[in-house]
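Colleague: Residue numbers (our numbering), protein chains in the order written: chain A, 1 to 344; chain B, 1 to 150; chain C, 1 to 116.
Covered stretches of chain A, as calculated for chain B (at least 3 residues, CB under 8 Å):
| id | region |
| --- | --- |
| 1 | 158-172 |
| 2 | 212-222 |
Some chain A residues close to chain C (C-beta under 10 Å, calculated; not the full set):
| id | residue |
| --- | --- |
| 3 | D47 |
| 4 | E48 |
| 5 | R49 |
| 6 | R53 |
| 7 | W55 |
| 8 | H144 |
| 9 | N145 |
| 10 | E148 |
| 11 | R149 |
| 12 | P154 |
| 13 | T155 |
| 14 | D206 |
FYI, nobody ran anything at the bench for these hints, they're computed from the structure.
Glycine included, every Cβ here is placed at the ideal spot set by N, Cα and C.
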Amino acid sequence: MQTLGDPPTPNTLWFSSEPRLISCGSVVGPKEGAGPLGDHFDHVCSDERLGERSWEQAERRLLMAAIDHCLVRAKLKPEDVQVLLAGDLMDQIVTSGYAARHHNAPFFGLYGACSTFSEALLLGSVLVDGGYRKTALCATASHHNAAERQFRAPTEFGAQRPPLSQWTVTGAGACLLGAEPVVKDEPCIVVESGTIGRVVDYDVADPYDLGSAMAPAAADTVLAHLRDVQRSPEYYDLILTGDLGRVGRDLALELAGGQGVQVDGERWQDGGVLIYDRSQNVRAGGSGCACSACVFCGYVWRLMRSRNLRRVLVVATGALLSPLISKQGESIPAVAHAVSFKLV
Amino acid sequence: MKAGPRESRAYQRLHAKYRPQTPLLRNVTVAFLVGGTICAFGQLVYDFYLGLGFTPAEAAGPLAGTMIFLGAFLTGLGVYDWIGDFGGMGAALPITGFANAIVAPAMESKREGLVQGLGTKMFEVAGPVLVYGLTVSFVVGAVRYIIRAY
Amino acid sequence: MPYLTAFITGGLLCVAAQLVVNLTQLTPAHTMVLFVSAGAVISGLGWYDVLIEFGGAGATVPLTGFGHALVNGILDGLNQKGLMGLFTGGITGAAMGITVAVIAGYAAAVLFDPKG
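Throw the hints in and build the complete structure from the sequences for me.
Modeller: Laid out in structure tokens, this is it:
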């Protein structure tokens, strides 16, 4: 029997050319804007519909806005993007596909549920580090109302959300990676390595309990990463999991501890815990592919730029939930990918 | 990687330790108050129809109709999802909750068209209530018919 | 005290449903189906009228009352039309509810937009 954090092969890629994180963009909805991180986002939308006719179209607008903010900050035009890697939670990842329709960049649509953000970062780093692309734009978006409709129930349906449930983040985040040399005397963030996660399933079947379904995958990837790079967790100033929520993060810490790796709770933060305040009626915390993206592109990126954080491991976690298969009685598998950033 | 039975049992034990407790007492109390209030209001509507000269048997239909109308209206205003999240089954079990279950998917699916969206999704959530209500009542009626015949 | 008894009867039915949701693996959708079916069966046994006698709207407004209305319609149909009533009575008994549900549901869905 395999154990957590001990995949048979090393799954960590070293990016020797150190692709630079050139720029970030983040856009969120009103609820996220009212949360503890509200001041760190590039733009807070005043309503959830963004003037569009459907939640799906609103989500697309979020993604496009985050990409625009990212490019404007980098002083680049859409044509300068050599590859766009994007994903979301909708069926057929329509948000990304339709957003990419507006850009002329070659496009890869990705699906890793809420882990898509680090999946995109990892693949973007591979393309840049390999010298195949000079710039790679990695972006994800999610919308609470669109996700509720797709995965659970229509938004106006009066179901009581259980204490374990999580609130999908309305927002989008975009990161631009590039093969630019490091500039002296400027806070430059580079991608150092990335660990490809395995799909892990610990027999959690409750579709409201995604944090617990994802916790083993998060622990597995973090442990595998630390094993591969031969570091202790203290090496990182911050280990940021995507959207485990309060319950899932505690479980992941406990699972890591069970394998002999003790991480203190201050060092291991979770996007789903950070983005909302407890008073915002979100039960166990935030979720969605925008959760890790917004927290990283808005909050963590600014902390790194201001030299408050130097080494960060981003581990976006995804529950590969299908409402259809879930109703057929199967448990929920999960995956998490890790990407390590450092300030040089 | 699929956890073996031993790992998954160990994880369930760990999970039980961290899992937030369902606030049973709170949920039950709120369900009682919300459900009770809706039903007491229903009694008011019922008495109104009796006052108009309906017999008790005749007033049952208009009562259901009025409550369904109110549930649909409150769903349209965007209020019923909050009542439901607050009141749990206290909001879902009264027939106003049935109306909510009809309007919510219909309204949400309007963008896919009045036929393929609204029309097909209207009974997405409430459909089972009709299916099993009709089926079970048919069986009950059939049993009564057979008992009476023999 | 018809309002108090309606409050108590309806409240207790909702408490029962809440307990089913919180203490078993059943979803709210399963529970609603369960209560409609239970209402129909209790009505078939002839006991639901006793509950209505006591609780008034507290017994008719919850979904169990919908199950009762269906069975009540079928029993009326059986009395009036014999075997034909088995097929027509149920819908007749619940006609007002079903029609208003579709019409008001349609109107609300067209007139309003989801707020999220």
